[in-house]
Amino acid sequence: MKTVNYYFVRHGQTLFNRYRHLQGWSDSPLTEKGVNDAKAAGKILSNLNFANIYSSDTTRAIKTARYINAENQHPLEIEKMQPIAAFREQFFGYFEGANSVETEFKLYQQHSTIEPTLNAMTAMHGIKAAIDVWKNVDPFHDAESYDEITTRLKQGLDYTFDQAEDGDDVLIVSHGTLIRVLTSMYNDQIDVSRSPKNGSITKLQLDDHAGQILYFGKTS
Numbered sequence: 046m047k048t049v050n051y052y053f054v055r056h057g058q059t060l061f062n063r064y065r066h067l068q069g070w071s072d073s074p075l076t077e078k079g080v081n082d083a084k085a086a087g088k089i090l091s092n093l094n095f096a097n098i099y100s101s102d103t104t105r106a107i108k109t110a111r112y113i114n115a116e117n118q119h120p121l122e123i124e125k126m127q128p129i130a131a132f133r134e135q136f137f138g139y140f141e142g143a144n145s146v147e148t149e150f151k152l153y154q155q156h157s158t159i160e161p162t163l164n165a166m167t168a169m170h171g172i173k174a175a176i177d178v179w180k181n182v183d184p185f186h187d188a189e190s191y192d193e194i195t196t197r198l199k200q201g202l203d204y205t206f207d208q209a210e211d212g213d214d215v216l217i218v219s220h221g222t223l224i225r226v227l228t229s230m231y232n233d234q235i236d237v238s239r240s241p242k243n244g245s246i247t248k249l250q251l252d253d254h255a256g257q258i259l260y261f262g263k264t265s
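Going by the working numbering, the sequence shown opens with residue 46, and the numbers climb by one from there.
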């Protein structure tokens, strides 16, 4: 039986994160804090000899992966670091780039939450229900549903698992909501009502039959 250790890191802070704009498949550059987020994660993971390094195909994730790799005691050549679209953030469709606070208020105020936010909706009804609201409310219905996200995420995991050998450590730089979805898939007892912080680490151990989240959103 093959077992692979995945280290999922949320990309460093970006301008859109700082300004509270929705940033799914859209992109913005890392801030100075975002660079430091990436370097801090790199220092925590510096002694791991990664067999493969992947990221989503967004610039913020690719650059975060490079900063992490530069801190590693066994860095890979940049050419061997592979971006994969399967590890993108949730696509917000019509709402891409909008102010996240205002948009969440409009979307969630009808759902009797303590406060009209994604986090409150997740705490009360689960991450699937919280994500599916975006699909239902989007006038174009382009926003991704929970099932659409898990389908592509599983494809990405299948691909990277096939590329790995037994016992390999694999780095994947991805995004806050996607990591919450990942965690819910493999341990629905972990509280994902708060997004993992920029630069935080979530560890998934995956084998031929099952997977388990060993920790979520670690920052030290």
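Each hint should be verified, as a subset may be incorrect.
To be verified - In silico PhoX-like links for lysine-lysine, alpha-carbon gap of 20 Å or less:
1. K151 x K125
2. K84 x K242
3. K199 x K84
4. K78 x K88
5. K242 x K263
6. K88 x K248
7. K242 x K108
8. K248 x K263
9. K151 x K180
10. K47 x K84
11. K248 x K84
12. K78 x K242
13. K125 x K108
14. K78 x K263
15. K248 x K47
16. K263 x K88
17. K88 x K108
18. K47 x K199
19. K78 x K47
20. K242 x K88
21. K199 x K151
22. K173 x K151
To be verified - Label pairs and their in silico Cβ distance ranges:
23. D233 x I159: 15 to 25 Å
24. K125 x M169: 40 to 50 Å
25. Q250 x E147: 23 to 33 Å
26. S265 x E77: 31 to 41 Å
27. N181 x D233: 20 to 30 Å
28. R65 x M169: 20 to 30 Å
29. G142 x H254: 35 to 45 Å
30. I235 x T48: 16 to 26 Å
31. W70 x A174: 17 to 27 Å
32. N92 x D192: 23 to 33 Å
33. W70 x I123: 16 to 26 Å
34. P128 x K248: 17 to 27 Å
35. Q250 x G171: 20 to 30 Å
36. A174 x Y231: 12 to 22 Å
I should point out that these hints are in silico values taken from the structure, not numbers from a laboratory. Everything numeric in this text was worked out from a predicted model, so none of it was measured. Quick reminder that beta carbons are idealized off the backbone N, C-alpha and C, glycines included.
Against the structure, the hints come out as follows:
no.	hint	verdict
1	K151 x K125	violated, 43 Å
2	K84 x K242	holds, 14 Å
3	K199 x K84	violated, 28 Å
4	K78 x K88	holds, 15 Å
5	K242 x K263	holds, 9 Å
6	K88 x K248	holds, 16 Å
7	K242 x K108	holds, 17 Å
8	K248 x K263	holds, 9 Å
9	K151 x K180	holds, 14 Å
10	K47 x K84	violated, 30 Å
11	K248 x K84	holds, 18 Å
12	K78 x K242	holds, 12 Å
13	K125 x K108	holds, 14 Å
14	K78 x K263	holds, 17 Å
15	K248 x K47	holds, 17 Å
16	K263 x K88	holds, 13 Å
17	K88 x K108	holds, 16 Å
18	K47 x K199	holds, 17 Å
19	K78 x K47	violated, 37 Å
20	K242 x K88	holds, 16 Å
21	K199 x K151	violated, 31 Å
22	K173 x K151	holds, 18 Å
23	D233 x I159: 15 to 25 Å	holds, 21 Å
24	K125 x M169: 40 to 50 Å	holds, 43 Å
25	Q250 x E147: 23 to 33 Å	violated, 39 Å
26	S265 x E77: 31 to 41 Å	violated, 20 Å
27	N181 x D233: 20 to 30 Å	holds, 22 Å
28	R65 x M169: 20 to 30 Å	holds, 22 Å
29	G142 x H254: 35 to 45 Å	holds, 41 Å
30	I235 x T48: 16 to 26 Å	holds, 20 Å
31	W70 x A174: 17 to 27 Å	holds, 22 Å
32	N92 x D192: 23 to 33 Å	violated, 38 Å
33	W70 x I123: 16 to 26 Å	holds, 23 Å
34	P128 x K248: 17 to 27 Å	holds, 21 Å
35	Q250 x G171: 20 to 30 Å	holds, 23 Å
36	A174 x Y231: 12 to 22 Å	holds, 19 Å
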